[in-house]
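Peer 1: In case you want the letters, here they are:
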Amino acid sequence: MRGSLVFYHPTTLQEAIGLLGEHGEEAKVVAGSTALTILMRQRLIAPSVLVSIGAIPGLDGIEERDGAIRIGAMVRHRDVELSELVRARVPVLAETFGVVANVRVRNAATVGGVLAESDYASDPPAVFVALDAEIEVRGPGGERTIPARDFFVAFYETALEPNEIVTAIRIPIPVTGSGTAYHKFVSRSSEDRPCVGVAALVHLASDGTCADLRVAVGAAAETPQRFPNVEALAVGQTLTPELTGRIGDAYADAIDTLDDMRGSAWYRTEMVRVWVGRAIETATDAAADRSAPG
Amino acid sequence: MIAEPRHIVPPGMLDANLRVRGRVPYAIDVVLPGMLHAKLLRSPYAHARIVSVDATRARALPGVHAVLTGPDLAARDDIFPYFGPIFRDQAVLAIDKVRFVGDPVAAVAAIDIDVAQAALDLINVEYDELPAVFNVDEALEPGAPIVHDEPRRLGQTFADIIVRAEADTNVCNHFKLRKGDVERGFAEADHVFEDVFTSPPVQHVPMETHNCVATIEAGIIRVTTATQMPFAVRASLAEIFKVSQAKVRVTTPTLGGGYGAKTYTKVEPVAALLAQATGRPVKIHLTREEEFVTITKHGVKIQMKTGVTKDGRIVARKSTCLFNTGAYADIGPRLIKNGGYATGGPHYIPNVWVDSYAVYTNLPPAGAFRGYGVSQAAWAYETQMDMIAAKLGWDALEFRMKNLLEDGQSVMTGEDMFDAHFKELLTTATARIGWDPAEEPRRNGSKVRAKGFACIIKGTVTPSTSTAAAKLNEDGSLQILSSAVEMGQGAETALSVLAAEGLDLELGQVSISRPDTDVTPYDQGTSSSRNTHSMGTAVGMAVADIRRQLLALAAEQLEVDPADLELVAGRVQARGAPSTSIAYGDLVRASRSGNLLANSVYASKGGLDPETGQGIGSVHWHQAAAAVEVEVDLATGKIDLLRYHAGVYAGRIVNPVQAELQTEGNIAFGLGQALFEEMVFDGGQLQNGNLGDYMIASIEDMPQEISLGILEHLESNDIHGIGETSLPPAMPAIGNAVFRATGVRITDLPITPEKVLRGLRARAVEESAE
Amino acid sequence: MTATDPSSPRTSPRPVDGEGKISLTLRVNGSAERVRARPNHTLLEVLRNELHLTGPREGCGVGMCGACTVLVDGRPVSSCLLPAALAEDHELTTIEGLEGPNGELHPIQEAYVEHTGFQCSYCTPGFILATKALLEECPDVTRDEAKAYLAGNLCRCGSYVKILDSVMDARDRVRG
Ligand SMILES: Cc1cc2nc3c(=O)[nH]c(=O)nc-3n(C[C@H](O)[C@H](O)[C@H](O)COP(=O)(O)OP(=O)(O)OC[C@H]3O[C@@H](n4cnc5c(N)ncnc54)[C@H](O)[C@@H]3O)c2cc1C
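Residue numbers (the working numbering), protein chains in the order written: chain F, 1 to 294; chain E, 1001 to 1770; chain A, 2001 to 2176.
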């Protein structure tokens, strides 16, 4: 019965990890519970132990450290969206968290939750992958750091080992002269999850050519998709519409798109083509604005 | 003689204060001492024979008070365990067979929802899976699996329905319309067009899902339920329990939305049977996921053949409509009539032939849905009108204007049109968005803008009956007893206005009862946009009776001829001599009757010939037009609504704010169905039965600019229903605008970005081939 | 959204009674309420079933519609998603907390009455609470900003035009 569940509120990470170890498969971490409550309601999971990590100090800060923004796992989506620090240093992150779900979900959902959930139709993962973020995790064996691009493994599957807890994510602050963009494309209501979401970072050299391009596509496949070999096409080049189009085509060809109610695989491929191009254009414009004198 | 010159303009909603405080009570808020909670075990198969149901373990679970199963019900002879407004084809819990994924098989009443849910897991059902049919074409093929192989159990028939069910097929009902000579019409035509249009099943999504609380006390079955039809529920419960209707009492508080979903019996029988089994009050409240498989809008396939002359007159139309009515008939057998004749459209067509079928399949049952079949019909004919104009190079508006019905022309069901305002509605709508036939789509980068419009006709259920009673109290206050259901449409406010006007009272001196079948008189139901017209007329008649009584009493008291008396602000006074007057309350006291009482019956007349579908289709005809400007992103197919004008004919507008709200609501409803609403099934299993996967319109989805044209013609001395009327034009108007913007013609709803993009690609291929 | 009461045990679960329920203290509309609930009951279930607050209502159960909106420390959340056990030690506000002691309307409620920003009104408490949070965060909100903020509250009757009218009027009333 639903009633046979037990709730723990540990106050240290060690306790939390210990509880997870003790109860094994039966236990689940709970953060904002926006995903967990639904999974339990739909009876897709039926944990008998919930370990809330909300009372553990130190998981709820946003700070700048060593050229990166570090966001604790318990920070709510809405706090990332509204953070002055994030808006100033990595504006695309604030924008992306601002287009997730609705304000109520954003007030509850956490950064650790969206990472650990690894839902293919989420927005932030693509941005994390594009920005080369790193995820800090803590488990029975101690601490380790996992690059975002290795973190999302498959549908609802991450690189977390059993009993590991996400503690924070570090997002390197893009170098001066770079522009970023995230486009969330919804094919139905404004309230839908993304049909595709594309994150791009463009760093323009002083001569206006592209010094660095990073593009990650979310919601199109099981995990965010990034292709360094395709990104490399742009380096040293001027980002003309023709080149951007070629990069869009290359992404469209490279991604084995999935099929769901928001679009067929064919449609998603076409949307990858379009939105990769548009994201690069927006990021390029932002980069040009930022590197413009004055 | 009930029309009063004074028209009251009411506030939007009389009980607004309670509503914004979150304190207006819904059925879900009812809590009774000792109340148990019910859950239903539902079939995982679309079509299967039930081999056995074993509930032994569930019954033994502490906290469980009763478990009912289909076989249990079938074995009892004190009950008749079936319901359905036309055919009694739906078992309270599946007996012998399950017919759709979600068909209830067993029910548990327990001390709380968690225990009830746990008990469901302990029930073992053994099924023998059968081949299933999901779409109308499959279902009509010879040799198709038969959804209902038992003989049809027909209930007491409805005045307006002809049942023409075909045994041993999946045809649940067939409606025929034969006007003129359609073949001669096609022979006269210079051009004949034949197209197929489809609309998918969608769900009503009332924010409050179906729920009720049932008790059985001293032999009286009492149900408080969220229904649009308290009397239909009462009749059904009386039949199930084999008791007189006087032994069943149904009360209905305000509803959290209905849109047709809450017509007829749904969850009440199972709650009442559990109340009987446990001797306790039992509450059932469906989850959103369950609501999705309780009742839906009909998915429909319409084949439409239309003949026009070279000077632009429509001379013949032949439609075959296949309504997917799902596993149980619900009101499908009647809805196919309204949806079927509606394919005649708001145009004068001398020769019309319609075959409209309700077809059983193994999908959730389909029933009444805002628009009642007319949306699906309008999607077909208003899209085809545009296609014809485009193919023949005609101005789409002029083509409509040439054919729109005028007073005295016969409508599709044969009667003469009166009070026609189609042309006025469409002219205004197109003018409001700046329609110009010569205007080219405007391109800006990958975006392109263009306009479209549509105009529709809709009948209201005819014949139909509403009754009301009025009581004038000793203090001069007026009570109206009516079974009109308040579901946000402002029924109580509108009826208060009509009652207050009839006796020249202030709104505050009038109260309207909530439906209670023990107290309030009969009403057919709050549906079909009929309440303000039909119940409003009944209330007006009852109030007119009170008025006559007052005049007679006052004539005696004041010694003035009744013809020289008038009603002014709660007093009867001599015309021109206000000092000779007497208050209503004094008259009531003088009558020594405690209160003045009046009853009224409003029964509209009409009906159609069973073979020709000719007769009186509707007491009057509801009329609407819409015009829209869209912007389409040619790279993605995504559609934005820039401007939207909704025009609807109201006759008299009783409550301007509510009239606007109903019309704006239809825009939201319509755009969802135009652009993304669709229940997606895979092997009969619904793929998007929750609000995370099934989208409804948000505030951001609304058109950027909205204008309303709610047309009033007081001289018509009539009130037209507007609850549904402005919905059907939304889908074709948007589709027509998308076509003008992109050249892509979508004939299957919804108009998704993907379909538009596929269409654009196909056109590009065609063009490069040329 | 966690309990911070240092006296309550963290690594041992809260004691469960015979019905599998734990006891919780919730601060709702300014007063502390002791309730019993199963550990995974949502805040919505507890507010409705234990505290008999009928303003928050289930519409979808998945956080999409907003009919169950409750303010947690002034911020709107979906009470259908929040386990009650995570709602302790926060200030919870339901629609019942907005009116005055004698049922006097809050200016936002007055604005919704004035413009009839509802039809069936099932979703109305959610809209009004969201409006309250919006106006606190953004006293000079524009119509477009209000649209974006309220897009996650669904009204199936489609009263959106008049809801926005209500919000704009509420802004003027609140900022005075
Ligand atoms: C109505 C609705 C709409 C949505 N729309 C969008 C959208 O448009 N775009 C989008 O990106 N997302 C969307 N989401 C998803 C939402 O963002 C996720 O539900 C949310 O990110 C999960 O975070 P949480 O803190 O609530 O996680 P929880 O529900 O608490 O947990 C989710 C999972 O992560 C695990 N977990 C949580 N924290 C940790 C941790 N620190 N370490 C290890 N494991 C952990 C849990 O055990 C659980 O398995 C939507 C959700 C809802 C309900």
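Hints listed in this document are in silico derivations from the structure and should not be mistaken for laboratory results. Mixed in with the good hints, there may be bad ones.
Under the rule of at most 30 Å between Cα atoms (straight-line distance), these lysine-lysine pairs were calculated in the DSS-like manner [claimed, not checked]: (1) A:Lys2147 <-> E:Lys1447; (2) E:Lys1471 <-> E:Lys1391; (3) E:Lys1391 <-> E:Lys1402; (4) E:Lys1305 <-> E:Lys1755; (5) E:Lys1391 <-> E:Lys1310; (6) E:Lys1755 <-> A:Lys2021; (7) E:Lys1755 <-> E:Lys1176; (8) A:Lys2147 <-> F:Lys28; (9) E:Lys1391 <-> E:Lys1305.
Peer 1: Each hint: holds or not?
Peer 2: Evaluation of the provided hints:
A hinted pair counts as satisfied when its Cα atoms are at most 30 Å apart, and A:Lys2147 with E:Lys1447 qualifies at roughly 23 Å. With a C-alpha separation of about 62 Å, the suggested pairing of E:Lys1471 with E:Lys1391 is violated against the 30 Å cut-off. Of the supplied pair hints, the one linking E:Lys1391 and E:Lys1402 holds, its CA atoms being roughly 17 Å apart against a limit of 30 Å. A distance of roughly 24 Å separates the Cα atoms of E:Lys1305 and E:Lys1755; the hinted pair therefore holds under the 30 Å criterion.
Taken as a hint, the E:Lys1391 and E:Lys1310 pair is honoured in the structure, with Cα atoms around 12 Å apart against an allowance of 30 Å. For a cut-off of 30 Å, the pair hint linking E:Lys1755 to A:Lys2021 is broken: about 52 Å separates their Cα positions. A C-alpha spacing of about 34 Å is found between E:Lys1755 and E:Lys1176, which places the hinted pair above 30 Å, so the restraint is violated. About 36 Å separates the Cα atoms of A:Lys2147 and F:Lys28, which puts this hinted pair outside 30 Å; it is violated.
With a C-alpha separation of about 15 Å, the suggested pairing of E:Lys1391 with E:Lys1305 holds against the 30 Å cut-off.
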